[in-house]
Amino acid sequence: MNRVSIVSAALFGLAGMLSGSVGAQEVKQDAKSMLGNAKVAPVTQQQLNAADKSTTNFLLTNGNYAQTRFHPAKKIGRENVKNLHVAWIFQTDVKESLETSPIVVDGVMFVTTSFSHVYALDAKTGAQLWHYGHKMGPITTYCCGPNNRGVQVLGDLVYLATLDAKLVALNAKTGAVVWQSDIADPELGYSETMAPTVIKDKVLIGTNGGEYGIRGFVKAYDAKTGKLLWTFDTIPQNSVGVWATKDATGRDMHRNIQAEKDQLAKTGDPYQKLGGGVWQNPAVDLATNRIYFVVGNPSPDLDGSARPGDNLYTDSLVALDLDTGKYVCHLQYIAHDVWDLDAVSPAVLVDVKDKNGKTIPGVLHAGKTGHIYVHDRKDCSLIRFSEAMVPQENMWVLPTKEGARMLPGANGGVEWSPIATDPSQELAFAINLHQPMTYHVENSPYPNGKLWLGGAFKVIPSETQSGNITAVNYNTGKIKWQVKTPEPMIGGILATAGGLVFTGEGNGKFAAYNSSNGKELWSFRAGAGVNAPPSSYMVGDKQYIVVGAGGNTQIDFHRGNNIIAFTLN
Amino acid sequence: MRGKLDGLIPGVVALGAFLVVGASPAKAQSVAEKAEICAGCHGQDGKPIDKTIPVIWGQQLGYIYIQLRDFKRGDRKNEIMQPIASSMEKDDMLAIAEYFSNKPWPDLGQPSASKEVSSRALSANRSVGCTGCHLDHFQGDRTVPRLAGMNRDYMTKTIADFRTRARGNNPGMSDLMLATAPDDLAALVEYLAGL
Chain A
90 MNRVSIVSAA LFGLAGMLSG SVGAQEVKQD AKSMLGNAKV APVTQQQLNA
140 ADKSTTNFLL TNGNYAQTRF HPAKKIGREN VKNLHVAWIF QTDVKESLET
190 SPIVVDGVMF VTTSFSHVYA LDAKTGAQLW HYGHKMGPIT TYCCGPNNRG
240 VQVLGDLVYL ATLDAKLVAL NAKTGAVVWQ SDIADPELGY SETMAPTVIK
290 DKVLIGTNGG EYGIRGFVKA YDAKTGKLLW TFDTIPQNSV GVWATKDATG
340 RDMHRNIQAE KDQLAKTGDP YQKLGGGVWQ NPAVDLATNR IYFVVGNPSP
390 DLDGSARPGD NLYTDSLVAL DLDTGKYVCH LQYIAHDVWD LDAVSPAVLV
440 DVKDKNGKTI PGVLHAGKTG HIYVHDRKDC SLIRFSEAMV PQENMWVLPT
490 KEGARMLPGA NGGVEWSPIA TDPSQELAFA INLHQPMTYH VENSPYPNGK
540 LWLGGAFKVI PSETQSGNIT AVNYNTGKIK WQVKTPEPMI GGILATAGGL
590 VFTGEGNGKF AAYNSSNGKE LWSFRAGAGV NAPPSSYMVG DKQYIVVGAG
640 GNTQIDFHRG NNIIAFTLN
Chain B
2 MRGKLDGLIP GVVALGAFLV VGASPAKAQS VAEKAEICAG CHGQDGKPID
52 KTIPVIWGQQ LGYIYIQLRD FKRGDRKNEI MQPIASSMEK DDMLAIAEYF
102 SNKPWPDLGQ PSASKEVSSR ALSANRSVGC TGCHLDHFQG DRTVPRLAGM
152 NRDYMTKTIA DFRTRARGNN PGMSDLMLAT APDDLAALVE YLAGL
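Going line by line, the protein sequences match chains A and B. If you're matching positions, the first sequence starts at 90 in this note's numbering and goes up one per residue. If you're matching positions, the second sequence starts at 2 in this note's numbering and goes up one per residue.
Worth flagging that the hints you see were computed from the coordinates, not collected in a lab. On a predicted model such as this, the values are computed, not experimentally measured, just so you know. A couple of the hints might just be wrong.
Heads up, simulated DMTMM-like pairs for lysine to aspartate or glutamate below, C-alpha to C-alpha not over 25 Å straight-line [stated by the list, open to error]:
1. A:Lys350 <-> A:Asp374
2. A:Lys490 <-> B:Asp92
3. A:Lys444 <-> A:Asp412
4. A:Lys224 <-> B:Asp93
5. A:Lys567 <-> A:Asp468
6. B:Lys91 <-> A:Glu515
7. A:Lys444 <-> A:Asp374
8. B:Lys104 <-> B:Asp184
9. A:Lys164 <-> A:Asp141
10. A:Lys117 <-> B:Glu99
11. B:Lys104 <-> A:Asp119
12. B:Lys91 <-> A:Asp271
13. A:Lys224 <-> B:Glu99
14. B:Lys73 <-> A:Asp274
15. A:Lys224 <-> B:Glu90
16. A:Lys335 <-> A:Asp141
17. A:Lys490 <-> B:Asp185
18. A:Lys262 <-> A:Asp119
19. A:Lys316 <-> A:Asp245
20. A:Lys490 <-> B:Asp162
21. A:Lys567 <-> A:Asp410
22. A:Lys224 <-> A:Asp311
23. B:Lys35 <-> B:Asp76
24. B:Lys104 <-> A:Asp182
25. A:Lys224 <-> B:Asp92
26. A:Lys121 <-> B:Asp162
27. A:Lys213 <-> A:Asp245
28. A:Lys117 <-> B:Asp108
29. B:Lys91 <-> A:Asp274
30. A:Lys164 <-> A:Glu515
31. B:Lys116 <-> A:Asp322
32. A:Lys567 <-> A:Asp341
33. B:Lys158 <-> A:Glu491
34. A:Lys171 <-> A:Glu609
35. B:Lys73 <-> B:Asp93
36. A:Lys224 <-> A:Asp274
Take the sequences, apply the hints, and build the full model.
And the structure:
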């Protein structure tokens, strides 16, 4: 993940900055909690297991344990989506970057904001039922904005991970704290922005901190008590690997292997400060009891001189056994990454065709490189990778002091934004950034939990930036359609059984597209950047689409504080 | 400049002893009393007289704490602040940091940057991404400092110190400052001072 807020044309951002400090007073990050009374039935494990079939609910961050972001409701379809209108708008107290995935449980919605606030809302009216304002500790060390991407509910508890690296269980009815556990020390660079994944009485959580010299992990906590059950270090004690000279697509990465071996002999394995954050939810394979997730960049981001070896398991897909947290398999996309073109967008489980055309359980990941990678779920091996969704130039030129130009820029391709899929069409839908950048390298020792980039990524102001929405056939790797957007895209996308995809842009546009050909069928202007993944749900016989419009810190899109739900008459 | 700072050292040493004594329950000082000595440099009204000294009134709590911690560790060098911080424990640092963070940010009366300078500063921000950490309107958050309305001369000096790594407790900032052209940095200082 790239800590640098790199903006495109960002007219909104310019206007915002010029307006001075008035807007800043509207952030209200310390707004107080308000307990309430939400009539929400306990969520069972059976409900969660079958979340992919529920038209009523949206129970997990990416829709279901396979993380397909395909919602089966189809009241809103290609014919009538033009009539979509605002059902309600809820204004949160926090006017700052909004990356939440709304969770819906039988008519009650749970959304989060920057600075780790949670709101329970009536999903039909938008009325507030309760508000949890996390009492943040004085120390936070985070990258890319004070974001939070959502909660999950199991039983009568709502689970939240906070910017000051705590795991909190709230009473789903009232918003009161039931238990709280420390995940890691924020003074050493750990923070939480991802939503937890709750499965079989375990709460799974990764960590941010790849820009601060952490040692990354995925941890499992007891869902009832908050007690730590297991920890998987994303950086093994032997992080050296196989001295890979090519990336997963076969391109030479210009490593100086001898220099790295000399460094290894001198300073040993760098595993303790090697980064490897996990920014997004693991996918859960219920049949094999495995989880699949991707691991982020090594620390420091751009300077590889002090971290010899492949830097396992940074920039990798990793699978673990759910019960024990033990390693099952991995595939590294970029060994010894010095561009921060890491793996952030969450893994997705779908059936795919292998190289012989046989249908097998697969895993998808959309990379910052601009490729969608297709894996065999059995051993993580790579079956194919898609055509590049964004321009690629000068890969893999090494960063220099003066700055070396390479495309994609360090935000991707596909950033943390989750993809959506429609298995009936064999399509994966991804949103992309195109930001020409120069990569600069500097050398400095580990700074005790401070920012540790090892250089800088700089947008080239004179070059045009853009974005796109791309549909890829994951069984062929071919791009089926692509819609260009005027600005880089970050946030997420949703596919529905109505034959639609929904996604938003930093300029405030939120739109529906025909998922078969990319034709725009409806749009709305939210007034702030729509940089959050949409969700879908039903109340009675009405289908709703809901999305956050709060802009984005990382790309500096215009801030807002709106949760907007849409429906048909 | 150096002579001026040296002149303050006896008082600083005395403060160190003062804070240690103050830690005993029998002679417990309020945080406000402990913080009085800070006004000598950082200003009675939050406006430092020496313009190369930072504003700490209204500064982010976590940032003030981290700086005190780093002075004590020797990660940040300053002949006045290191003796002061060396006598403080974590709770003292957090208490002092909270005290100053709750004070109102002073208006230093620095003029707004011209349109041309603002435009250059915002272009530099878009390229290197200051607001990715310092957040919208450069207000900062917890361990990341507010820059809006900070002393112009302090920012100029700090950026120069980051570029030479004389300010050594945030190498990531040094990297970013080294990757940014001096003229762009000068524009950013003018712009930020005037916010």
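Taking the hints in turn, this is what the structure says about them:
Between Lys350 (chain A) and Asp374 (chain A) the alpha-carbon distance is near 38 Å, which puts this suggested pair outside the 25 Å criterion. With a C-alpha separation of about 41 Å, the suggested pairing of Lys490 (chain A) with Asp92 (chain B) is violated against the 25 Å cut-off. Proximity of Lys444 (chain A) to Asp412 (chain A) is assessed by CA-CA distance (about 31 Å); at most 25 Å being required, the pair is judged violated. As the CA atoms of Lys224 (chain A) and Asp93 (chain B) are separated by approximately 21 Å, the hinted pair is consistent with the 25 Å bound.
Proposed proximity of Lys567 (chain A) and Asp468 (chain A) is supported: the alpha carbons are some 24 Å apart, at most 25 Å. Distance hint between Lys91 (chain B) and Glu515 (chain A) is unfulfilled; the C-alpha atoms sit about 56 Å from each other, more than 25 Å. Proposed proximity of Lys444 (chain A) and Asp374 (chain A) is supported: the alpha carbons are some 22 Å apart, at most 25 Å. Simply put, Lys104 (chain B) and Asp184 (chain B) have alpha-carbon atoms about 33 Å apart, too far for the 25 Å limit, and the pair is violated.
For the suggested pair Lys164 (chain A) and Asp141 (chain A), the alpha carbons sit about 16 Å apart, so the restraint of at most 25 Å is met. In summary, the hint linking Lys117 (chain A) to Glu99 (chain B) is supported, as the alpha carbons are separated by about 18 Å, within the 25 Å threshold. Taking the CA atoms of Lys104 (chain B) and Asp119 (chain A), the gap is near 16 Å; set against the 25 Å cutoff, the hint holds. Of the pairs offered as hints, the one joining Lys91 (chain B) and Asp271 (chain A) holds, with about 19 Å between alpha carbons and a cut-off of 25 Å not exceeded.
Distance hint between Lys224 (chain A) and Glu99 (chain B) is fulfilled; the C-alpha atoms sit about 15 Å from each other, no more than 25 Å. Note on Lys73 (chain B) and Asp274 (chain A): the hinted pairing holds, with a Cα-Cα distance of about 20 Å set against a maximum of 25 Å. At most 25 Å may separate the alpha-carbon atoms for a hinted pair to count; Lys224 (chain A) and Glu90 (chain B) meet this at roughly 23 Å. Taking the CA atoms of Lys335 (chain A) and Asp141 (chain A), the gap is about 37 Å. The hint is violated against a cut of 25 Å.
Pair hint Lys490 (chain A) plus Asp185 (chain B) holds up; C-alpha atoms about 18 Å apart against a cutoff of 25 Å. The straight-line distance between the Cα atoms of Lys262 (chain A) and Asp119 (chain A) is roughly 22 Å, inside the 25 Å bound, and the hint therefore holds. For the proposed pair Lys316 (chain A) and Asp245 (chain A), the alpha carbon gap of about 18 Å is at most 25 Å, so the pair holds. About 19 Å separates the Cα atoms of Lys490 (chain A) and Asp162 (chain B), which keeps this hinted pair within 25 Å; it holds.
For the suggested pair Lys567 (chain A) and Asp410 (chain A), the alpha carbons sit about 32 Å apart, so the restraint of at most 25 Å is broken. Proximity of Lys224 (chain A) to Asp311 (chain A) is assessed by CA-CA distance (about 23 Å); at most 25 Å being required, the pair is judged to hold. For the suggested pair Lys35 (chain B) and Asp76 (chain B), the alpha carbons sit about 24 Å apart, so the restraint of at most 25 Å is met. With a CA separation close to 23 Å, the supplied pair Lys104 (chain B) and Asp182 (chain A) stays within the 25 Å bound.
Our distance criterion of 25 Å between C-alpha atoms is met by Lys224 (chain A) and Asp92 (chain B), whose separation comes to about 18 Å. Distance hint between Lys121 (chain A) and Asp162 (chain B) is unfulfilled; the C-alpha atoms sit about 40 Å from each other, more than 25 Å. Restraint check for Lys213 (chain A) and Asp245 (chain A): satisfied, since their Cα atoms lie roughly 21 Å apart, inside the 25 Å limit. For the suggested pair Lys117 (chain A) and Asp108 (chain B), the alpha carbons sit about 21 Å apart, so the restraint of at most 25 Å is met.
A threshold of 25 Å between alpha carbons decides the hint, and for Lys91 (chain B) with Asp274 (chain A) the separation of about 15 Å falls inside it, so the pair holds. A hinted pair counts as satisfied when its Cα atoms are at most 25 Å apart, and Lys164 (chain A) with Glu515 (chain A) qualifies at roughly 22 Å. Between Lys116 (chain B) and Asp322 (chain A), the direct Cα distance comes to roughly 50 Å. Violation of the 25 Å bound is thereby established for this hinted pair. Between the alpha carbons of Lys567 (chain A) and Asp341 (chain A) the distance comes to roughly 23 Å, so the proposed pair stays at or under 25 Å and holds.
Taking the CA atoms of Lys158 (chain B) and Glu491 (chain A), the gap is about 23 Å. The hint holds against a cut of 25 Å. For the proposed pair Lys171 (chain A) and Glu609 (chain A), the alpha carbon gap of about 10 Å is at most 25 Å, so the pair holds. The straight-line distance between the Cα atoms of Lys73 (chain B) and Asp93 (chain B) is roughly 12 Å, inside the 25 Å bound, and the hint therefore holds. With a C-alpha separation of about 16 Å, the suggested pair Lys224 (chain A) and Asp274 (chain A) falls inside the 25 Å cut-off, and the hint holds.
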